[in-house]
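Enquirer: Listed here are the chains, written in short residue letters.
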Amino acid sequence: MRFECRGIPVSDGIAIARAVVLRPVEITPDPAEIAPDGAEAELSRFSEALAAAKEQIEALVESAAERLGEQQAEIFRAHLSVLEDPVLEETIQNKITQERHNAPYAIAEGIKEIAALFQQLRDPYLQERAADIRDVGRRILENATGAARVELSCLTEDCIVAARDLTPSETVSMDFAHTLGFVTELGGRTSHTAIISRSMEIPAVVGAAGVLEGISGGETVILDALDGCVVVDPTAAEIECYEGKRRDFLRRREALAALRALPAQTRDGKRFELCANIGGPGDLAGAVKYGAQGVGLYRTEFLYMNNTHFPSEEEQFAAYREVTAEMGAQSPVIVRTLDIGGDKDLPYYAFEREDNPFLGWRAIRMCLDRRDLFKTQLRAILRAGVFGKLRIMFPMIISLEELLAAREILEECRKELRAEGVPFQEDIEVGIMVETPAAVMMADVLAAYVDFFSIGTNDLTQYTLAVDRGNPRIAGRYDPLHPAVLRSIKRVIDASHAAGKWTGMCGELAGDLRAAALLAGMGLDEFSMTASSIPSVKKQLRDLDFSDARALAERALAAATADEVRRIAGPRGHI
Amino acid sequence: MVEANVQVVNKTGLHARPASNLAGLAKKFKSRITLLHEEKSGDAKSIIRILTLDINLGSQITVRAEGEDEKEALAAVVQFISSLSE
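Protein sequence lines correspond, in order, to chains D and S.
Note that numbering that gives the first Met the number 0 has the first sequence beginning at 0, numbered continuously upward.
Note that numbering that gives the first Met the number 0 has the second sequence beginning at 0, numbered continuously upward.
To be clear, the hints were calculated from the coordinates, so they are not data collected in a lab.
None of these values were measured; they are calculated from a predicted model.
All residues carry an ideal CB built from backbone N, CA and C; glycine is no exception.
Please note that the accuracy of each hint is not assured.
To be verified - Straight line, CA to CA, 25 Å or less: simulated DMTMM-like cross-link-like pairs of lysine to aspartate or glutamate:
1. D:53 x S:42
2. S:27 x D:54
3. S:26 x S:69
4. D:111 x D:98
5. S:39 x D:112
6. S:26 x D:112
7. S:26 x D:89
8. S:27 x D:73
9. S:26 x D:88
10. D:388 x D:415
11. D:111 x D:54
12. D:269 x D:524
13. S:39 x D:88
14. D:388 x D:314
15. S:27 x S:65
16. S:27 x D:88
17. S:27 x D:89
18. S:29 x D:83
19. D:374 x D:313
20. S:26 x D:54
21. D:388 x D:419
22. S:29 x S:71
23. D:374 x D:314
24. S:27 x S:68
25. S:26 x D:57
Claimed, not checked - To be clear about the criterion: a stretch of chain D counts as covered by chain S if any three or more of its residues have a C-beta under 8 Å from a C-beta of chain S, and this derived list gives those stretches:
26. 84 to 95
27. 112 to 118
28. 124 to 130
29. 192 to 204
30. 297 to 310
Unchecked claim - Label pairs and their computed distance ranges (CB to CB):
31. S:39 x D:353: 32 to 42 Å
32. D:447 x S:16: 43 to 53 Å
33. D:426 x S:78: 37 to 47 Å
Turn these sequences into a full structure, and let the hints guide you.
Expert: Printed below as a string of C-alpha cells:
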C-alpha cells in the first residue's frame, strides 16, 4: 500500500530499492525478584557481561578505525568510557542489591534511567548521545542473556535500510556495498546515522517519524534525501519521476567532481582564481575537496576566540604552518590579521562597551594600539610563510597612514627576525581588505602601497549603505547588489589594475551565483568563498564568455536600482 | 575542601572526547571531585555525569575537590577545562 512520510535529509542523494527493516529483537527481561541469597550470582552475571561487552567494543574500535576512519573509532572509544563509568556500574548494581532485580532487568532499567537523563538536555548533540547509551546497554544485555544481534553484514541485494534508529554497533558492521540508503524514525543532524551516511556518501533521511508503520520489509521504497521524503510502494509514474531526479543528481555530482580538476576559465579563455575562506586548519579538507586554488581569507580570530589567553607566537606559528604546509607552495594563503572587536569578543579580554562597536575600536585600529599583540601575530605569519606561500592582509583600513603604520610594524618584525637569525618568508605579499567607503575612495592612492586588494563585501555593504544587517527591521535594505556597492567594487578593481595590482573578494558576494558573471565582467581576479560553493561558481564562470560578462557588467553598473541589477543579472544560476 | 570557578571556552562545550578525557584525568586523583553547573552537580570521574551537566561554550562551572590531594586535583581539572580547544 502506498505510504508517504517526511523526515530530515542528512546526506544528499536519491535511492530506489527494496526495504530491509532492521528490527532489533526486543529483549524484555523478566522483572521477577531474585531469591534472598541470589544477589551475588546476579552481580557476577552483570560483571561478566560488562567484561564481555568491553572486549567486544575494544575489537570494534580497531575494526572501525580500519574500515571507517578515526572519527568512527572515536565513537567506540567513547562507548568504552561509558562502560567504565562508575555511575553506570553503581546504578545497575544498586538495582540488584537494593531493588532485588535480576541482572538483565537491572541492566535494562539502569540504562533506561541513564538514557532518560540525556534526553532532557538542551544541547541536541548531547540529547542524541542517549542513543550511544542504549547501544552500550543493549550490548551488555545481550551478553547477560545470550540474545542474538541482528547483523547487516551480509546483505545479498541492494537495499534501503529502515530502522527506528541505527546504533554505532549496527552501522560499523554494515555491508555498505549493498546499502543504497538509510531511513530512520529517530535521529537528527548530528545523530550517528547522519554522520556515517555523510562520510560514506550514502543518501539518508532521519527523524522520519512513523516510517516503520508503512514498511514491513521487501517493499519498494523511494528515498529522496534531497527533499527529505520517503515513498513506500510508489506508483510506476513516481518511480520514473524519481529515477529522473536521481540521474540528474548523479550527473550534477559527477559534473562537480569532474570540475574539480578544471581551471576556472571562461569559454574565451579568461582565467580567474577560486579560493576558499577558512577559519582554521580544520577547514582545509573541504578546501582541498572542492578544488580551491588557495585560501583567500584565513580568519585568524578563531585562534583568539577559542582560547583562554592571547595565543603566543609559537601557538600561532603552529597553526599557520599547518595551513600553509597543507596547501603547498603553489596555493597561496591570505592570512587576515586579527579582526576582533565590533561583534566579536574574547572570553579573556574585556572590550570597553561602545555605543557603536562597528564604528569603534576594532581590527587594525586595535592592532595599531596594541603593537605587542600585533607583532606577535606578524612574526608568527612571517615565520610560517617559509613552509609555503603566505600573504598578509590588514582589515578595516581607512587611510594611507594606517596602512603605512602597519607596514612599518611589519618591517620592524622582519628586522628583528633577521637579527635573530630566524628564517621567514622574505617576499611575503601585503594587501588590505577593502571594506570601508574610505578605502574605496582612496583605492587609487592605496594601490601604490599594496600588492593586492581583497574586497570584504559584508562590511563594505553595511558601511556603504549604513545598514546594520543584524537589525531585522532594516535587514531588507542590506543588499550587496545595490548599485552603490557594485560601483564601489568596480572602482577598487580598476584602481588596482591601473597600478598593476590585483583584486580579490572574500565576502559572501564572491560565492553568490547571481553575482558571478557580473564580478567576472568587472574584472575581479580572485573569488574566495565557502569551499562548497566553489564548484557551482566555477561552473558558472566556465559557461561564460568574458566579452558577454563585460557587457553585462557595464549594463549593471549603469543600473539605477538593485532590482534593475537583479533583472540584468538574470535568475539565480543553477547547474 | 577547595573550589574554583572556570569558564568553558571549548567550541563544543564538554562533548564526548573532552568529557572522556576529563573523567580519565579525574580518576587519577584520590579526592572526590565535583563539577557544579547551574542547578546540577556531578562526579567528575563519571563521563555520564559530566555529559548530563549540559555544559556548553561559555558555561561557568565550579570545580570542587575534597580529599588528601584536593589542591593538585583542583589545579589539574581547572587547567584541563580552561585549556580545551577543539
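Enquirer: Now look at each hint and say whether the structure bears it out.
Expert: Hint check results:
As the CA atoms of residue 53 (chain D) and residue 42 (chain S) are separated by approximately 22 Å, the hinted pair is consistent with the 25 Å bound. Under the criterion of a C-alpha separation no larger than 25 Å, the hint pairing residue 27 (chain S) with residue 54 (chain D) is consistent with the structure, at around 23 Å. Taking the CA atoms of residue 26 (chain S) and residue 69 (chain S), the gap is about 13 Å. The hint holds against a cut of 25 Å. For a cut-off of 25 Å, the pair hint linking residue 111 (chain D) to residue 98 (chain D) stands: about 15 Å separates their Cα positions.
At most 25 Å may separate the alpha-carbon atoms for a hinted pair to count; residue 39 (chain S) and residue 112 (chain D) meet this at roughly 17 Å. Distance hint between residue 26 (chain S) and residue 112 (chain D) is fulfilled; the C-alpha atoms sit about 24 Å from each other, no more than 25 Å. With a C-alpha separation of about 16 Å, the suggested pairing of residue 26 (chain S) with residue 89 (chain D) holds against the 25 Å cut-off. Annotation: proposed proximity of residue 27 (chain S) to residue 73 (chain D) holds, straight-line Cα distance about 22 Å (limit 25 Å).
With a C-alpha separation of about 15 Å, the suggested pair residue 26 (chain S) and residue 88 (chain D) falls inside the 25 Å cut-off, and the hint holds. Taking the CA atoms of residue 388 (chain D) and residue 415 (chain D), the gap is about 21 Å. The hint holds against a cut of 25 Å. At most 25 Å may separate the alpha-carbon atoms for a hinted pair to count; residue 111 (chain D) and residue 54 (chain D) meet this at roughly 23 Å. A hinted pair counts as satisfied when its Cα atoms are at most 25 Å apart, and residue 269 (chain D) with residue 524 (chain D) qualifies at roughly 10 Å.
Under the criterion of a C-alpha separation no larger than 25 Å, the hint pairing residue 39 (chain S) with residue 88 (chain D) is consistent with the structure, at around 21 Å. A hinted pair counts as satisfied when its Cα atoms are at most 25 Å apart, and residue 388 (chain D) with residue 314 (chain D) qualifies at roughly 19 Å. Between residue 27 (chain S) and residue 65 (chain S) the CA atoms are separated by roughly 14 Å; this keeps the pair inside 25 Å, and the hint holds. For the hint pairing residue 27 (chain S) with residue 88 (chain D), the CA-to-CA distance comes to about 18 Å; that is within 25 Å, so the pair holds.
The hinted pair formed by residue 27 (chain S) and residue 89 (chain D) meets the criterion: a straight-line CA distance of about 19 Å does not exceed 25 Å. Straight-line distance between C-alpha atoms of residue 29 (chain S) and residue 83 (chain D) comes to about 17 Å, which keeps the hinted pair within the 25 Å bound. Between residue 374 (chain D) and residue 313 (chain D) the CA atoms are separated by roughly 13 Å; this keeps the pair inside 25 Å, and the hint holds. The hinted pair formed by residue 26 (chain S) and residue 54 (chain D) meets the criterion: a straight-line CA distance of about 21 Å does not exceed 25 Å.
Distance check on the hinted pair: residue 388 (chain D) and residue 419 (chain D) sit about 22 Å apart at the alpha-carbon level, within 25 Å; holds. For a cut-off of 25 Å, the pair hint linking residue 29 (chain S) to residue 71 (chain S) stands: about 10 Å separates their Cα positions. Distance restraint check for residue 374 (chain D) and residue 314 (chain D): the Cα-Cα separation of roughly 14 Å lies within the 25 Å cut-off, and the hinted pair is therefore satisfied. Only pairs whose Cα atoms come within 25 Å are accepted, and residue 27 (chain S) paired with residue 68 (chain S) is accepted, the gap being roughly 10 Å.
A threshold of 25 Å between alpha carbons decides the hint, and for residue 26 (chain S) with residue 57 (chain D) the separation of about 20 Å falls inside it, so the pair holds. Chain S is given as covering the stretch 84 to 95 of chain D, and this holds because 4 residues of the stretch bring a CB closer than 8 Å to a CB of that chain, at least three being needed. For the stretch 112 to 118 of chain D, the assignment as covered by chain S holds, since 3 residues bring a beta-carbon within under 8 Å of that chain's beta-carbons and 3 suffice. Proximity of the stretch 124 to 130 of chain D to chain S, defined as three or more residues with a beta carbon under 8 Å from a beta carbon of that chain, is established by the 3 residues found.
Only residues whose beta carbon comes within less than 8 Å of a beta carbon in chain S count, and the stretch 192 to 204 of chain D has 0; fewer than three means the coverage is violated. Counting residues of the stretch 297 to 310 of chain D whose beta-carbon sits less than 8 Å from any beta-carbon of chain S gives 3, enough to reach three: the coverage restraint holds. Range check, residue 39 (chain S) to residue 353 (chain D): about 36 Å between beta-carbon atoms, so the 32 to 42 Å window is met. The beta-carbon spacing between residue 447 (chain D) and residue 16 (chain S), approximately 50 Å, falls within the hinted interval of 43 to 53 Å.
For residue 426 (chain D) and residue 78 (chain S), the Cβ-Cβ distance of about 41 Å falls inside the hinted range of 37 to 47 Å, so the restraint holds.
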